[in-house]
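Engineer: Chains as they are written, first to last, in the working numbering: chain A, 1 to 156; chain B, 1 to 167.
The hints are simulated quantities; they were obtained by calculation from the structure and are not laboratory data. Ideal placement from N, C-alpha and C gives every residue a C-beta, glycine not left out. Please note: incorrect hints may appear among the correct ones.
What the hints assert, rightly or not - Derived DEER-like restraints, expressed as beta-carbon distance ranges:
no., chain 1, residue 1, chain 2, residue 2, range
1, B, T141, A, S121, 28 to 38 Å
2, A, I17, B, S131, 17 to 27 Å
3, A, R74, B, T117, 41 to 51 Å
4, A, F13, B, Q78, 17 to 27 Å
To be verified - Away from chain A, derived, C-beta distances all over 12 Å, residues of chain B:
no., residue
5, K14
6, N15
7, S22
8, Q33
9, T68
10, S84
11, K96
12, S151
13, N156
14, S158
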Amino acid sequence: MNLVLRGVIIYFFILIIFRFAGKKTLSEATTFDLVRLLIISEVTQAAMIGNDFSLTASIVLIVTLVSLDFLVNRIKMRSKKISSVVDGLPLIVVEKGNPLKERMKLSNVEIDDVLQSARQSFGITSLTEIDYAVLETDGSISIVPSRKAAPVKSSE
Amino acid sequence: MLGSVSAMKPEKIKNEIGIPESIDTHVLGWKIQRIGWLIFTLLLVAAGMGLFGNGPVSYRTEIIQNDTLRYQKFIRYQTEANLSFVVNSEQTNRLKLQLSYLKNFDLQQISPEPKSTKISGGFVVYDFDISGPAQIDFVLTPNTYGNVGGSAQVENKSFLISQFIYP
Numbered sequence: 001m002n003l004v005l006r007g008v009i010i011y012f013f014i015l016i017i018f019r020f021a022g023k024k025t026l027s028e029a030t031t032f033d034l035v036r037l038l039i040i041s042e043v044t045q046a047a048m049i050g051n052d053f054s055l056t057a058s059i060v061l062i063v064t065l066v067s068l069d070f071l072v073n074r075i076k077m078r079s080k081k082i083s084s085v086v087d088g089l090p091l092i093v094v095e096k097g098n099p100l101k102e103r104m105k106l107s108n109v110e111i112d113d114v115l116q117s118a119r120q121s122f123g124i125t126s127l128t129e130i131d132y133a134v135l136e137t138d139g140s141i142s143i144v145p146s147r148k149a150a151p152v153k154s155s156e
Numbered sequence: 001m002l003g004s005v006s007a008m009k010p011e012k013i014k015n016e017i018g019i020p021e022s023i024d025t026h027v028l029g030w031k032i033q034r035i036g037w038l039i040f041t042l043l044l045v046a047a048g049m050g051l052f053g054n055g056p057v058s059y060r061t062e063i064i065q066n067d068t069l070r071y072q073k074f075i076r077y078q079t080e081a082n083l084s085f086v087v088n089s090e091q092t093n094r095l096k097l098q099l100s101y102l103k104n105f106d107l108q109q110i111s112p113e114p115k116s117t118k119i120s121g122g123f124v125v126y127d128f129d130i131s132g133p134a135q136i137d138f139v140l141t142p143n144t145y146g147n148v149g150g151s152a153q154v155e156n157k158s159f160l161i162s163q164f165i166y167p
């Protein structure tokens, strides 16, 4: 099969599969996840180049993938709707200290994930100290602390 | 899996911090996600059954009188596949494969090796030095994809081969 066509098919397949996998899957980068991603990249490489280890094939595929990425980014910039389809939208999962359980269940987020993010960002240990927790499009959870929560002081 | 799709009722909230979340878009996304997982599950089951090669659904066995041809209906581009003939007739030592069919493959190996090979009447004719029941294996690597078909002849018996090669 034509190299460019292979690149295009693989690019969009990867795009779709990671959208189906959900945001949280990408945010939890454990050692196993890293290994899993490396395995996926190995399989992808085999599917794209097959037995063709020529410099030409590599150059054509790299240009194809970078061009596609550029094109998709341009389209995303022009259309918010397409951007929301490709990247998703942020989602509020905690509101004024109350976990929004149905939203959390549907987006596969647990209270522990929110608390972990709160501890790491602000040293917050309780949901009551959180005004909003937002599951961002990159899978991270950002925390808006409540005004009552004391700011963390540097240990230095 | 899809039962939970209709029951999706995420909390409606008053978004006071200007986050550009659209709960309807999220619900649509979750629904599509679940349909996607269902499709992936079906694909995995199909793959396990051999719809993409190497499984019970993939293998075909044609029997004419005492002779048998076993091959895979579904094979993959540039991946080795076998055509196995089991000949039981005492007098069988000639096997023919249609040339137009063989053009879709790179022939890797024939076991046992034929005594002679020639092309005649649109067929590649293999003569073997065998007597009595024997198995003749052809190892082929597809060099194209899509539907391919052809015929094989063991003495005067004609086997029809129909395969699909995945890209």
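Engineer: Find the nearest Cβ of chain A to the Cβ of S84(B) and say whether that gap is larger than 12 Å.
Structural biologist: holds, 26 Å
Engineer: For S151(B), which was marked as not at the interface, is the minimum beta-carbon distance to chain A over 12 Å?
Structural biologist: holds, 28 Å
Engineer: The output says Q33(B) does not contact chain A. Does that hold with a beta carbon cutoff of 12 Å?
Structural biologist: The claim is violated: Q33(B) sits with its nearest Cβ about 5 Å from chain A, within 12 Å.
Engineer: Cβ-Cβ distance between R74(A) and T117(B): within 41 to 51 Å?
Structural biologist: violated, 57 Å
Engineer: Holds or violated: is the Cβ of S158(B) farther than 12 Å from all Cβ atoms of chain A?
Structural biologist: holds, 33 Å
Engineer: Minimum C-beta separation from K96(B) to chain A exceeding 12 Å: can you confirm that?
Structural biologist: Consistent with the label, K96(B) stays out of reach of chain A, its closest Cβ about 31 Å off (over 12 Å).
Engineer: Does 17 to 27 Å hold as the CB distance between I17(A) and S131(B), or does it fail?
Structural biologist: violated, 55 Å
Engineer: Does the Cβ distance between T141(B) and S121(A) fall inside 28 to 38 Å?
Structural biologist: For T141(B) and S121(A) the Cβ distance comes to about 55 Å; the hint is violated.
Engineer: In terms of Cβ atoms, is chain A entirely out of 12 Å range of N15(B)?
Structural biologist: violated, 7 Å
Engineer: Regarding the assertion that K14(B) does not contact chain A, is the least Cβ-Cβ distance greater than 12 Å?
Structural biologist: violated, 8 Å
Engineer: Are all beta-carbon distances from T68(B) to chain A longer than 12 Å?
Structural biologist: For T68(B), whose nearest Cβ neighbour in chain A is about 33 Å away, the distance exceeds 12 Å, so it holds.
Engineer: Can we trust that N156(B) is non-interface, i.e. its beta-carbon lies farther than 12 Å from all of chain A?
Structural biologist: holds, 40 Å
The structure does not agree with the numbered hints 1, 2, 3, 5, 6, 7 and 8 stated previously, though it agrees with the rest.
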